[in-house]
Amino acid sequence: MSRRNRRIVAASLTALAVAGTAACSTGSSASSDGPATIDLWTHAGGNEAELGVINTIVEDFNASQDQYTVNVQDFPQDAYNDAVVAAASSDNLPCIVDVDGPNVANWAWAGYIQPLGLPDETFEGQLAGTLGKIDGEVYAYGYFDVALAMFSRQSVLDEAGVRVPTVAEPWTKDEFMDALAKIDGLGQFEHPLDLGTGGGGEWIPYAYSPFLQSFGGDLIDRSDFQSAEGAINGPEALEWAAWFRGLVESGHMAQTSGEDATADFVNGKSGLLYTGNWADTTVKEAFDDAVVLPPPDLGAGPKIGAGSWQWAMAEGCEDVEAARAYLDFAHDTKYFVEYGNAVGLIPATLDAAAEIPAYAEGGENRIYLEMADQFAVVRPETPAYPFISSVFQKATKDILAGGDAKSILDRAAADIDRDIQQNGGYTS
Amino acid sequence: MSVTSIATPTKRSVVVTVLRSVLVVFFAFPIVFMLVSSLKPDLQIFADLGSWRAFLPVGDVSFANYTGVFDRVPFARFILNSVLISGVTIALGILVNSMAAFALARLRWRGRGLVLGLVLATLIVPFETLALPLLWWVNKLPSFEADGFSLAFKQGWLDTYQVQIIPFIANAFSMYLFYQYFASIPRELDEAARMDGAGWFAIYRTVIMPLSGPAIATVAILTFLPAWNSYLWPLMVVQSEELRPVMIGLQYFFQLNTSWGQVMAYSSLITIPVVALFLAFQRSFINSIASSGVKG
Amino acid sequence: MAITQQSPTPSPSLSPPTASPRSARARRGEAGAAALMITPALALFVLFLIVPIVLAFALAFTNARLISPRPPEFIGLDNFALLFTDPVFWASVRNTFYFAVVVVPVQAGLALLLAVLVNAKVRGTRFFRTVYFLPVVTSMVVVSLLWRFMYQQDGLINKALQSVTFDRFTPVDWLNDPAWAMPAIMLMSVWQGVGFTMIIWLAGLQTIPGELYEAAELDGAGTWHQFRYITWPGLLQTRTFILVTITIAAFSLFTQINVMTQGGPLDSTTTVVYQAVRSGYQQLQTGYGSAISLVFFVLVLTVSLVQRHLTRERG
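Residue numbers (our numbering), protein chains in the order written: chain A, 1 to 428; chain B, 1 to 296; chain C, 1 to 315.
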């Protein structure tokens, strides 16, 4: 081998070695002495407020004792689930993960996560939507929930001559349709209503299955979670579909609204906005006379989605004691308060709500808590949920685009039932 | 060597200039929209969306989105990772694919027609359809972990640089380009070198590769673009922040309240280096890509 | 015409295999060197391409799930039976062909026009070339996001069309109209990819000897005749190269769909690769997704064989 050939080979070996050793910089170090280290994964990457609170809790925990050290790894939200699935497939899950509410049942079924094993008293006074409970066992708890609400301006409603609804007395379906017509009559807006139809992914079942439920339908028959037949394609569901598509046909809303419905509302393109209470600050900063309204009662009472990110313990965790110690330590009212202050969403316990002025009795955000308490319906707690969600996303988009509701929903029901059957009823 | 015509040159060049300028608008306007939006607050981006203001840096213009980007993500780290990943992939890709192409194009051995056919057939496989099996598979592969100076064995390649590099080194397209190029180099050169007693490796190294600058540059560029823009794969295999490439960084900006201004700023930031690279090396870009087409 | 029969490209001197007798030892040495040089590439191919392909094939006959505590079971051809009765799958096949049939000639043709334009010796050619190439170096994810903004009903595309037609144009909700969504994605895809194809054409143009054009001019041939009888035949090999590469890229249409329409409205933009990814990841049906991938391989392989056959006949 000539000198030059040797150089080429040496160079490529070096490159391989670089690639190889760099690979190693990340393995978790499980040193024998000193505190045991466990990893914690969160979806809050890029979300400074939420990540800040998580870091505070972890630092407090690490300082509070010298047995365990928790190590935070953050992911951007859209990359998080993929990372967890990939890690689970190679038994690389960290001890503590956060999990989006509707995925709890699926991950528990798949053996990704295990019951927390904390005493029941821990969770007293916690909003139901913030607990990942399966067969009476708590698999995950969350610090906050989100409420869906309608946003408008007092001046717009007054000018249109529309009654301001309350949690005690929400708009009926007829009142709601009448309000839309009146706001449309003002001629100020491209569309009177923006339901955020430009959104995609999990937003669709989160935001629109409550309307379906308010009509009396559902994503699946919740008595045994074995069939969607009659729930997603029953007469109530067809009514929902006709109403939903009707909003587009009458010009009351866009088939696909803008990339950012809140920005469009603030910029005066719509008169009534339906979104999560994460938009609260933006809307109130823009308008002095902003009002927060409950969603309409479409027959079976107003409904909103529930279940946000929650904390869980991975099945393969090598140090369950450490993970449990952390999760117990972290379930402290002061951290619920801190979360509430930092992210502005609904604190998951009544104790914490009482300590945050905006959410305390009479506070300006109290309405979100009331709605989360009274109207919230969690997405079906079944391992089939990710599939149901995907089917419902497509069905909803197809209905909005003017497809034949009956055949779309019949097909959705058949697809869901087939998936459940193929998975042995998701029982084992 | 311009294509001349019966029409007077002036009339023709006017037509050409007008046509070219119209096309400039067509090709540049989305990019201008991106750059301009990166200077505006979120609400203004949407307010301007339906008017010509979308293309003009007017209103509340600032670099606030850029500051926000640097506050939110470890930008330098992501850039460094992408440079490292694409750099190593390019270097090893050139070596491995050119050697294989040399064996296919210049050496005679049984079965090379079959091998060439198989390599070409793999061109039609889009990565998306293989990502899942590949993910499962790289999880089974052994890897070595340096613990100080001793090597420890571990299973699985997840969360490493190597998993972002090694699967993309052997590339049928690159190999095909080298093959085409090598096949066009006169064989007499090999024979002459053989007469002088040179071995095949020496011919590859001293005769063929030095003549293949354009092919090397082409492969480098064709390897660089997908490596820099790779998104689906790192999403699946990378867990640690310190190993993430630039495209994953984009995800940090999609939150409950998506900051579109920062999305635009980040997109501009990751596009600008590639454009700068193109401007700097335009001549070799063109010449090199050029060669791949003709030798085919 | 005098120049018709000329072969304008000096074909690369591919000398025939040397007839000189070579010893068995030399041949063994040659084969040995070949084996050494091709092994790294083949090993990597087998590890990271062949193994996953075989896995995908095997998975296609099982009910494997991405997330599941149940081990995968062999279910024979069930996935395929389901697939072939699924109207959405057939829609995705139709859309994929629709996209390819339009995009391949349009992108190749527009690219040729661009190449001719920037091949003329006019001031500022470097500038134009750079601008036409800009979309190529911009990530497809970013590009798809930008165009999603611009395709909105109150977005820039409609605004521009209204300005040019003095408001006689009625705004179209591009990505929400089953008739327009696919053409909108085609336009964007051509916009993104045409710069690259232009460069390849340009290279082909630059290899055609200038003397041919000079001779043609002496014969009094016009622009069209020069293009027809010198440029076009001179680009024969470039043409095949471009045809193959754009066709493969067109069949793999995925990112644009995923970011812009998710296959909608009413399945008017769904493609085979999009269906494979949606089933495999989003719906966690790894086995079913693999079955779609397998069908896709067969589809593209058939198309490229037909293509190769056609170009061979013409060439």
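A portion of the hints provided could be inaccurate.
[What the hints assert, rightly or not] If we take Cβ atoms under 7 Å as the criterion, some of the chain C residues that face chain B in the derived model are: (1) E30; (2) A33; (3) A41; (4) P52; (5) I67; (6) P71; (7) P72; (8) I75; (9) L77; (10) L117; (11) V131; (12) V141.
[Unchecked claim] Reference listing, derived: stretches of chain A covered by chain B, where coverage requires no fewer than 3 residues with Cβ under 8 Å from a Cβ of chain B: (13) 46 to 60; (14) 299 to 310; (15) 323 to 331; (16) 350 to 363.
These are calculated hints, taken from the structure and not from any lab test.
Where is the CB? At the ideal position from N, CA and C, for every residue including glycine.
Given a cut of 7 Å on the nearest C-beta pair, is the interface hint for C:P52 held or broken against chain B? 4 Å, holds
Status of the C:I67 interface restraint (C-beta, 7 Å, chain B): 12 Å, violated
Coverage of the segment 46 to 60 of chain A by chain B, judged on three or more residues with CB within 8 Å: holds (count 3)
Please check whether the segment 299 to 310 of chain A has three or more residues whose CB lies within less than 8 Å of a CB on chain B. n = 0 at 8 Å, threshold three: violated.
Measuring from the C-beta of C:L117 to each C-beta in chain B, is the shortest one below 7 Å? With Cβ-Cβ at 5 Å, under 7 Å, it holds.
Mind checking the CB of C:V141 against every CB in chain B and telling me if the closest is under 7 Å? 6 Å, holds
Coverage of the segment 350 to 363 of chain A by chain B, judged on three or more residues with CB within 8 Å: It is violated, with 0 qualifying residues against the three required.
Just to be careful: measuring from the Cβ of C:V131 to every Cβ in chain B, is the smallest value less than 7 Å? 5 Å, holds
Chain B contact restraint for C:E30 - C-beta distance below 7 Å: 5 Å, holds
Interface hint outcome for C:P71 [beta carbon to chain B under 7 Å]: Violated, about 14 Å.
Given C:L77 as an interface hint, is the shortest Cβ-Cβ distance to chain B below 7 Å? Check failed: Cβ of C:L77 comes no nearer than 19 Å to chain B, outside 7 Å.
Holds or violated: is the Cβ of C:I75 closer than 7 Å to a Cβ in chain B? Violated: closest Cβ of chain B sits about 18 Å from C:I75, beyond 7 Å.
When the structure is compared with the earlier hints, violations turn up for hints 5, 6, 7, 8, 9, 14, 15 and 16 and for no others.
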